[in-house]
Amino acid sequence: MKSFHLRKTMLVPVLMAGLAFGQTALAAKDVTVAVPYGFDSLDPYNTNSTQSQAVGKGWYEGLFGFDMDFKIHPLLATGYEVSEDGLTYTFKLREGVKFHDGTDFNADAVKVNFERILDRSNALGRYNQFKNIDKIEVVDPATVKITLKAPFSAFINNLAHPSAMMISPAALKKYGKQINLHPTGTGQYTFVEWNPGQNVKMKKFDGYWDKDHIAKVDTINFRVVTDNNTRAAVMQTGEAQFTYPIPYEQAAILKKNDKIDVIAKPSIIARNIAMNNLVKPFDNPKVRQAMNYAINKEALNKVVFNGFARVAEGMVPEKVEFSQKMKPWPYDPKKARELLAEAGYPQGFETTLWSAYNDGTSVKAIQFIQQQLRQVGVKVSVEALEAGQRVQRVEAVQNPKDAKVRMYYIGWSASTGEANWALSPLLAGDAWPPTFGNFAYYKNDQVDKDLADALKTTDKTEKGRLYKDAQETIYKDAPWIFLNTADTVAARSKKLDGFEVMPDASYYFKDVSLKD
Amino acid sequence: MFSYLVKRIIGMIPTLVLVCVVVFLFVHMLPGDPARLAAGPEADAETVQNIRKELGLDLPLPQQFGHYLLNLSQGDLGTSLRTKRPVLAEIGARFMPTLILTLTSMVWSVIFGLVIGVVSAVWRNRWPDRLFMTLAVSGISFPPFALGMILIQIFAVNLGWLPSVGATSWQHYILPSITLGAAVAAIMARFTRASFVEVIQEDFVRTARAKGLSEKVVIVKHTLRNALIPVVTMMGLQFGFLLGGSIVVETVFGWPGMGTLLVDAVTARDYPVIQGLVLLFSFEFILINMIVDVLYGIINPTIRYR
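Heads up: the protein sequence lines correspond to chains A and B, in order. This note's numbering numbers the first residue of the first sequence as 1 and each following residue consecutively. This note's numbering numbers the first residue of the second sequence as 1001 and each following residue consecutively.
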């Protein structure tokens, strides 16, 4: 019976596997968070993933940080002074803080970290956020002076961003480029393990400097669960205590579970459709206005987002500093048809609508918009782009004249919490692809001047006035169809406290605690 | 036999080299720029250029290919563009979970497939056959993600008997391996039945019965053994296919295997990882084909190797 050999030889590794993966008993205060994406990098200066940076806040801290409501508060700095000309920032640093490896945190550490990102030979991805730094000087161990190349009034916001973290200089020296695999910071938790595609784990750091905020849980495990429905399932089985995002369709089911809270909160993720302002018919402002009138945003929110979205009131979401709230573009198909006729398109026209994402919600959204535009005679063919296609067809187009993009559905979250980052990369005249994300190829000299001046001034009222002017001008020019601001929808076990989703979809878990 | 194996192993080399060339050209033809993707939407053009240089993607294509082959000949598959870890480590971490899941699914689906197939063939066109073949057709047609979701809903959420995601204990293997193996078991059952029905009508089976052998010996020794050849071929094919990691099952069960790694790599245009994985898959297929060929000889000693 030789065929039976087959079974024996196959069974052996299986049995061994069974032994190797013996079950481990769960300790009392272990939190599991189900996250939707695999981690790409644990070096905060070299990742664009909001999720990777959010998790990094467990072991890393910056000079400043955002709290749950996106307000800036000092962390490793205790305060700062700005010179009259807005060029020199002097920071007072917190004393007595130690990194996880025992190295002291001081002005030298700040210098090492910022010089690392500024060194172009390191080719770190977030260079752009720090490029206006000219030099960093150590005044004394607890004082550091940073000089900028040009005034940049959103500088503190950039430092509060979860990429501007303080890494132990000793660890940087020891691991070099491998620092990615050995995060060493000053935070509440120390790094335990990173299994690619599987999980990232951290455990409580007893030597944390802020004795009032010593971690109340022993470990936090961030488990990768890609599938939307499975993420909802692990909440119901109790295998995870927190997950974000949950699919809109699942929210109603999870709400019925008496062990879980479903938490929906306004975000700063603005969704819009950029129209290529360089080409016909979108070079005509009347056409662009007509497009804004043609779409029923409330119906879009209800149908596509299951009500978890708010109609855009302006182009910068409310929680972003210097956002200007404006009246939503009303839904008026009759007016849209009139404007199209005035612009010379009484029969409408044909064009294409691309989505920057190919997930289910985005596909539904562009199909919905396709139907709406059909009502005013505009026939659009829709296509949801895969990441590589998006880069090739939209982001990396060298010559604006070659751009095939017509209408482009995309979202943006101004992760520094300040209007500059919500406007400049998307609407400034020098931000056309491939430099940045001005996919509408929009250019208005008044807006460019306002944005530049706002960075130069240190006066808040003046800054507010300039940003207001810029936003109102853009709103009237309508380079985009202003759609909505989505809610973040998370599920949290009733046993878990203090784990929140921030408006930019980052996590806030400084005060996390778990009931027995 | 030994010289046959050596010949087969040497014969693998040109195939693998060809795979290298084709895969290299193919991944570089994919639309999209890995440097731009790695830099993300918040980076400016200069940063992208720097990253491209850092990743060595600014060199002309033939030169890149030269580097790749040179490193490959030294056993170095390169470094992942996305995570900056060596490709070998990336794949190594994902290989075992996929392998063990494949083995468990294969073991039970082969056992079930063979038994169901034989039972259906012996009682063909009677009620056990009808019942099992209905089950088998359902098994082939039922989409794995739906099966996975239903199993999670019943056994993890409602009953709470089994865990849903992860790969840390033996219980974790039950639901994913059932999901993954269902279709294979169904295919095996249908193949075994078809092959068995053919063999059981042969003259030598009638002879065996005529010389007074018990029905058990006729079925298990004479018929089954001869019916196994096409089944083993199918098994090899399915095994190679499963070793690639089932993207659907891995996604549904949050399984840290190679299927999800491949998806991540393609999304990020992580050339070295894609190349490494495709090379590994090709290697596995060739290897399994060889094992299947050897198994033929064990099942049917009249087959000779030269």
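Be aware that one or more of the hints could be misleading.
Computed, partial: chain B to chain A, Cβ under 7 Å [unchecked claim]:
| id | residue |
| --- | --- |
| 1 | Asp1044 |
| 2 | Val1165 |
| 3 | Lys1216 |
Hints in this document: simulated from the structure, not taken from any laboratory. Quick caveat: nothing in here was measured; it's all calculated off a predicted structure. No residue lacks a Cβ here, since even glycine has one placed at the ideal position from N, Cα and C.
Hints, verified against the model:
1. This hint holds: B:Asp1044 has a C-beta 5 Å from the nearest C-beta of chain A, less than the 7 Å allowed.
2. Checking B:Val1165 against chain A by beta carbon gives a least distance of about 5 Å; that is within 7 Å, so the hint holds.
3. Interface hint status for B:Lys1216: violated, as the beta-carbon distance to the closest one in chain A is roughly 13 Å, over 7 Å.
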